[in-house]
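Participant: Residue strings, one per chain:
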Amino acid sequence: MLSCGGGSRQVTLKWWQFWTDPDIKPVIEKMVADYEAANLNIKIEMTDLTWANGHEKIVIAFSSGAAPDIVELGSDWIAEFIYSNQLAPMTDMVSKDTSEFLGWDPGLYNENIYAFPWILGTRVLFVNRDLLTKAGFEEKFIPVNWDDLKRACFAIDSLSDEIYGFGSNAAEKHRLYKKVLPFFWSLDGRIISQNGKYAVFSSDKAYKALEYYKTLHDSCSIVDTQRRLEDAFLEGKIGVIISGDWLLKRIKNEKHNINFFTTLIPGPKFPGKSFAGGEYLAVSESSAYKQEAIKFIQYLTAEQNQITFCKANYSANPSNKAASQNEFFKSDANLQTFVGQLGLSKMPSPAPKWVYIEDIIETAIEDILFNNAPIAETIYSANSKIQELIDSQ
Amino acid sequence: MNKGRWSGYLFISPWIITFALFWIYPLFYSLFLAFTDYRLLRKSYHLVGLENFKNLLADQSFLLALKNTFIFVFGTIPITTTIALILALLIERNFKGRALFRSGFFIPSITSMVVIALIFTNLYSRGGYLYLLAQLCGLTPPANGFLLSNRTALYSIMAMDIWMSVGYYMLLFLAGLKSIPKELYEAAEVAGANYIRKLFSITLPLLKPVALYIIVINTIKSFQIFIEIFVMTKGKYGSSTAVFFLYETGLNRFEFGYASAAAYILFLIIAAFSILQFLMFRRQTES
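Just so you know, the sequences run in chain order A and B.
Per the working numbering, the first sequence runs over residues 2 to 394.
Per the working numbering, the second sequence runs over residues 8 to 294.
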């Protein structure tokens with residue numbers, strides 16, 4: 002059989018992915034159909050996963066030798082698959098793309114590329130303009146550093162008992178630490194040393210970041226789960242929250258009438274740094290069609306496809322640098338904030354035991370915020386536990 | 008005759024095969040795994056002897072989960088059983104609207120646990136009805152709601168569990184009450200016994216088998232508390248329990264060897280409690 006592109010052998014690529022949202026699924030199906038039409042020897046067999054149990058299914062599939070050829074992975078998950086030799090290196094075929102895409106860190110190991118960044122995500126500040134004005138700030142005020150943020154949150158909080166300055170996250174797994182680490186990273190803090198051998202979390206930077214966040218948390222915050230904080234923000238009860246582009250989509254889809262703006266996460270001095278993560282595409286080591294799989298990944302992540310995807314999903318952070326320069330992002334101030342913030346964001350280093358390290362950091366933050374544990378002792382103890390993990394690797 | 012016996016086995020074989028494949032085999036395989044360092048994604052595993060058990064007994068998060076499970080079991084079972092018994096005694100009496108009350112108390116038992124947990128998550132949150140009720144009663148609820156506080160999270164879930172379970176156990180007690188011969192009460196009345204005397208001399212002694220059944224199944228159920236924790240707190244705010252620990256270790260971290268060892272410790276605890284309860288009740292019944 003003749004084909005327009007690629008080789009001539011008949012290939013069925015199994016692809017597991019998470020985008021089941023009715024806004025985006027048809028877009029992905031169309032991309033797949035277009036690819037199949039242009040590559041007559043390739044058939045894409047797409048399987049939908051859910052965030053509730055997708056990770057579980059992927060791990061079981063890889064463990065039982067039934068892995069798909071291509072799999073979508075969250076940035077936090079990639080390390081465990083790389084270190085268990087389940088992913089195929091794609092360095093030779095994609096190294097030419099490295100300068101054109103953002104967010105390679107989670108997929109890198111031993112100078113090899115194991116996962117291709119697709120749709121990234123970061124968090125920014127969402128600020129209620131009306132509350133800010135009511136609290137006496139001028140029309141164009143934007144909090145650009147820690148002092149500004151604190152001043153704004155305290156002033157809004159003093160408006161009434163029903164209004165809160167800052168939305169502080171409750172102890173939700175995988176969420177709380179992503180809201181606190183930006184303050185640590187804004188001080189250029191590190192959790193593990195550059196060479197990966199030492200835990201360096203216990204530092205004056207961690208102390209200052211946690212002390213600052215705790216001040217907001219204790220003095221001018223409502224503490225709740227992310228979803229409920231967003232509900233309260235949309236009801237006009239919170240002045241400032243940290244959230245991702247899913248909130249922009251929600252405001253748009255649910256037609257919320259709220260006077261808000263988004264801005265970069267402040268640091269002690271402008272600018273600060275945020276937490277970044279995202280969706281990655283990887284090829285299974287056991288795949289018989291690695292080249293075809295990588296080509297399909299390159300197709301999905303190409304500039305035009307990323308723009309189409311982001312438009313359909315109202316996503317703010319394509320990994321493709323050229324795509325992020327598209328008019329769609331430039332014409333929307335809030336999307337532009339996310340594009341700007343991504344350049345000022347950090348992803349956790351891919352450590353083999355990251356899932357445990359995350360747990361240690363999260364527990365330390367919870368102890369400090371909710372049990373009033375002393376900051377210095379708690380971060381010292383967390384650091385020792387992280388070091389133990391590194392030593393046991 | 009022989010042919011009939013084989014055809015009997017043939018008819019029950021689908022169930023036997025399913026039982027052996029999906030219950031018996033995993034049961035023994037997980038016992039084997041408890042002595043290994045097996046985890047998913049790793050290509051090989053080793054026998055580690057009692058290492059998993061030793062590590063578990065030094066693991067603070069497992070010990071906290073175990074402690075919380077015991078608090079849950081000993082905190083809920085006596086209260087649930089007592090309230091269920093009182094409700095059964097009240098409902099058994101003839102009064103107008105009895106059927107309505109009986110159905111009302113039973114409805115939570117047939118409602119989805121997830122739905123109940125979500126409703127209570129709202130009731131317990133800051134501004135929720137239970138939160139406001141506590142304030143109206145002059146109490147000082149935790150600033151961020153009952154579930155976001157180490158002081159109250161576990162106890163709030165326990166309270167919900169009691170509310171949810173009493174209806175079911177009430178119905179079991181009602182069935183037990185119906186099975187007590189009326190002649191015994193008639194004879195006691197002839198002898199001049201009042202309600203209290205009849206309660207302690209006839210009703211409660213004859214309800215012992217039902218009470219044993221209720222306590223045993225409630226103990227097993229309470230040791231396995233999971234859905235409430237998963238939906239309401241995800242084990243945060245000091246509310247993790249043994250089965251939640253199993254879930255986290257087995258299905259989030261995929262450390263099947265370690266999780267299997269934890270499961271067998273829990274299994275031994277539940278078995279020990281069930282045997283102890285049977286022995287205690289048997290001794291009392293015999294005496």
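Hints are not guaranteed to be accurate.
Claimed, not checked - Computed, partial: chain B to chain A, Cβ under 8 Å:
(1) Lys185
(2) Ile187
(3) Lys189
(4) Leu258
Stated by the list, open to error - Restricting the straight-line Cα-Cα distance to at most 27 Å, the calculated cross-link-like pairs of lysine-lysine (DSS-like) are:
(5) A:Lys238 - B:Lys189
(6) A:Lys386 - B:Lys74
(7) A:Lys386 - B:Lys185
(8) A:Lys238 - A:Lys206
(9) A:Lys198 - A:Lys151
(10) B:Lys50 - B:Lys103
(11) A:Lys135 - A:Lys270
(12) B:Lys50 - A:Lys291
(13) A:Lys354 - B:Lys205
(14) B:Lys50 - A:Lys58
(15) A:Lys151 - A:Lys135
(16) B:Lys241 - A:Lys354
(17) B:Lys241 - A:Lys58
(18) B:Lys241 - B:Lys228
(19) B:Lys103 - B:Lys228
(20) B:Lys189 - B:Lys74
(21) B:Lys241 - A:Lys15
(22) A:Lys250 - A:Lys26
(23) A:Lys174 - A:Lys347
(24) A:Lys386 - B:Lys103
(25) B:Lys50 - A:Lys354
(26) A:Lys174 - B:Lys189
(27) A:Lys26 - A:Lys44
(28) A:Lys347 - A:Lys151
(29) B:Lys241 - A:Lys215
(30) A:Lys198 - B:Lys189
(31) A:Lys174 - A:Lys206
(32) A:Lys174 - B:Lys74
(33) A:Lys58 - A:Lys31
(34) A:Lys174 - B:Lys228
(35) B:Lys74 - B:Lys205
Calculated directly from the structure, the hints in this document are not laboratory data.
Quick caveat, the model's predicted, so the values are computed rather than measured.
Each residue gets a CB set at the ideal place from its N, CA and C atoms; glycine is no exception.
Participant: Does the alpha-carbon distance linking Lys189 of chain B and Lys74 of chain B stay inside the 27 Å limit?
Facilitator: violated (44 Å)
Participant: Taking only the CA atoms, is the gap from Lys198 of chain A to Lys151 of chain A under or equal to 27 Å?
Facilitator: It is violated: about 36 Å lies between the C-alpha atoms, which goes past 27 Å.
Participant: Given the hinted pair Lys174 of chain A and Lys347 of chain A, is their alpha-carbon gap at most 27 Å?
Facilitator: Holds, at about 19 Å.
Participant: How about Lys189 of chain B: closest beta carbon in chain A under 8 Å, or not?
Facilitator: Nearest chain A Cβ about 53 Å off; hint violated.
Participant: Between Lys241 of chain B and Lys354 of chain A, is the straight-line Cα distance small enough, at 27 Å or below?
Facilitator: Distance ~21 Å between Lys241 of chain B and Lys354 of chain A Cα, so the pair holds.
Participant: Check whether the Cα positions of Lys386 of chain A and Lys74 of chain B lie no farther apart than 27 Å.
Facilitator: holds (23 Å)
Participant: Going straight from one Cα to the other, do Lys26 of chain A and Lys44 of chain A come out at no more than 27 Å?
Facilitator: This hinted pair holds, its Cα atoms lying about 17 Å apart.
Participant: Please work out if Lys241 of chain B and Lys15 of chain A have their alpha carbons no farther apart than 27 Å.
Facilitator: Answer violated: Lys241 of chain B to Lys15 of chain A is near 33 Å, above 27 Å.
Participant: Would you check the hint for Lys386 of chain A and Lys103 of chain B, treating anything up to 27 Å between C-alpha atoms as holding?
Facilitator: violated (64 Å)
Participant: Does the closest beta carbon of chain A sit nearer than 8 Å to the beta carbon of Leu258 of chain B?
Facilitator: holds (6 Å)
Participant: Would the hint linking Lys50 of chain B and Lys58 of chain A be met if the CA-CA limit is 27 Å?
Facilitator: The hint holds at about 17 Å.
Participant: Are the Cα positions of Lys50 of chain B and Lys291 of chain A separated by 27 Å at most?
Facilitator: Within the cut-off at roughly 21 Å; holds.
In summary, the numbered hints that this structure violates are 1, 2, 3, 5, 7, 8, 9, 10, 13, 19, 20, 21, 24, 26, 30, 35.
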